[in-house]
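There are 2 protein chains.
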Amino acid sequence: MKKYVYGIDVGGTTIKMGLFDFDNMEMLDSYEIPTPTSENGSFILKIIYESILDCNKRHNIASKDLVGVGMDVPCPIKNGYVESCANLHLDDIDLVAEMNKYVDNHVVVAIANDATIAAYGENASLENPYKNAVLITLGTGVGGGIILDGDIVEGATGFGGEIGHIRVYEEKEKVCGCGSKGCLEQICGTKGILDFTQEQLKKNESILDKNNLTVKSIFDAAKHNDEVALLTVHRVAKHIGIAASIISMVVEPEVYIIGGGVSKAGSFFINLIERYYRENARFSTGKIPFKLAQTGNDAGMIGSALLVKNHIEN
Amino acid sequence: MKKYVYGIDVGGTTIKMGLFDFDNMEMLDSYEIPTPTSENGSFILKIIYESILDCNKRHNIASKDLVGVGMDVPCPIKNGYVESCANLHLDDIDLVAEMNKYVDNHVVVAIANDATIAAYGENASLENPYKNAVLITLGTGVGGGIILDGDIVEGATGFGGEIGHIRVYEEKEKVCGCGSKGCLEQICGTKGILDFTQEQLKKNESILDKNNLTVKSIFDAAKHNDEVALLTVHRVAKHIGIAASIISMVVEPEVYIIGGGVSKAGSFFINLIERYYRENARFSTGKIPFKLAQTGNDAGMIGSALLVKNHIEN
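These protein sequence lines map, in sequence, to chains C and F. Note that our numbering has the first sequence beginning at 11, numbered continuously upward. Note that our numbering has the second sequence beginning at 11, numbered continuously upward.
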């Protein structure tokens, strides 16, 4: 008899639901539902559970054949416990315990941080997955996830792999969203990229339109050797390289995977990051390869499904 | 019948041999032998094995009752494999495999990096050991060890926990022993501490004697509010605090343990490190406590014995 798991990627605006064949991890179905924002957190789990029941019905899945529910959330989480998640209006809640109230006793529930889950999914999706991998995701913010000896690193209370807030430079004035200064995210997040480029546009000629500046337009202009755009892109690549060189002295992974919107700039960008990484890496850790994330928008669903599969099998 | 393990701390000049009761981990005997430096590495293991046989004889220990040999070495090591260890004239050698050639088949051998083992031993020696701990050792160099979920973090090839080479500041000129710039060790290692203080002595009044400057004299003078000494000690404490704030965003431990010679400065110094850590720590990770290392010179023997005990029991 076939067995099934769900991989569910819970974001601030949408919940991505993925149904997977447990044995071969083929994605059988995926769809989105809006994230309820007006109610408290455990209501989200009810919505998700009802959606699971609907989906089971559509696919004629008997409840005994559903064996696992994997899920990710956009906040620090430790062993299923969330202290606070502004995006989802969650406070002081054990999400695994709550989800277990809904699902049948035999169903295994596993929930982790979204960037960590993405790391798990991206690494597993590589042709030859590694035992030790670090994912750096570049988007509005800068996130990350760390896999050591095949397991996700959550840290003592869920702040493990908060790569965007590694201090990579000496910042005297500008304060990061986290309240500190000199964070990787201050340079490599969307705001940091746009602000720095606007500053440069005041001083230099450029093909960029300062009134319609986007991260994509900057990376595109850099590929056309626009000097301002190149300044920005080099600055971003350099500080990701520095952050990775630091991470190597803490956990020394076997691979760095670069994901998120900015990574769409492709090999041009990855090569630049690798160059700055090698300049800053200590000892023989400069050899660690960099790869582009592959699974894109599905990383959260795939990673969540894989995590719960791993929990069931081990 | 009693069972026994050895915990052996292999340094560049001496090998510290410790005999332990397996069940209660009481140290029954400890002594030092000089590290052989004229011969190649596997000769070291022969010397150690012969010393084990001697010690067994002295304590009337039958070979069947020796169940484990734990050891640490002053170089990167991964699953027993050492690529290169200048201190011990080791190259491309699987130390565990080599040691297994000497000891009886039933004896479990475990070997790891000295700072990592110290972290393991120091944490285990706390009244309530943590599952996730980071040790920072301050001596000639700056070392470190990371324990996550009760296991040591070696990294892909043994560079995990090389905390002394985390980049903590922007250094343009001075090159660290590792070949890079801006390492924690450049500020907090003995050379960094002495060099910086000598520079300050050229510009400022001080009770320090520039011709007999030692790290201890600087920390002592700082306790007497000598301005130059305070400048140095604050600089050291600040950068340890910054390094720890970075480590928290990678693995988020539950405790930081400060060891090594400089840590003898005691609570005065620990409090200063904690202050700078809290200034730099992100989110709620500023709450992580700092503790002074307790086991001192025995940390290597104790940690090695505990590591092999853990291997035997798990």
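Because the hints were derived from the structure by calculation, they are not lab data. Incorrect hints may have been included.
Unchecked claim - Cut-off 27 angstroms, straight-line C-alpha distance, at most; resulting in silico cross-link-like pairs (DSSO-like, lysine-lysine):
1. Lys182/C x Lys13/F
2. Lys301/C x Lys56/F
3. Lys182/F x Lys141/F
4. Lys56/F x Lys26/F
5. Lys56/F x Lys191/C
6. Lys213/F x Lys297/C
7. Lys12/C x Lys26/C
8. Lys88/F x Lys191/C
Comparing the hints with the structure gives:
1. Lys182/C x Lys13/F: Violated, because 59 angstroms separates the two Cα atoms, which is more than 27 angstroms.
2. Lys301/C x Lys56/F: violated, 44 angstroms
3. Lys182/F x Lys141/F: violated, 38 angstroms
4. Lys56/F x Lys26/F: Cα-Cα ~15 angstroms, so holds.
5. Lys56/F x Lys191/C: Not satisfied, since the Cα-Cα distance of roughly 53 angstroms exceeds 27 angstroms.
6. Lys213/F x Lys297/C: Violated - the C-alpha atoms of lysine 297/C and lysine 213/F are around 43 angstroms apart, more than 27 angstroms.
7. Lys12/C x Lys26/C: holds, 23 angstroms
8. Lys88/F x Lys191/C: violated, 35 angstroms
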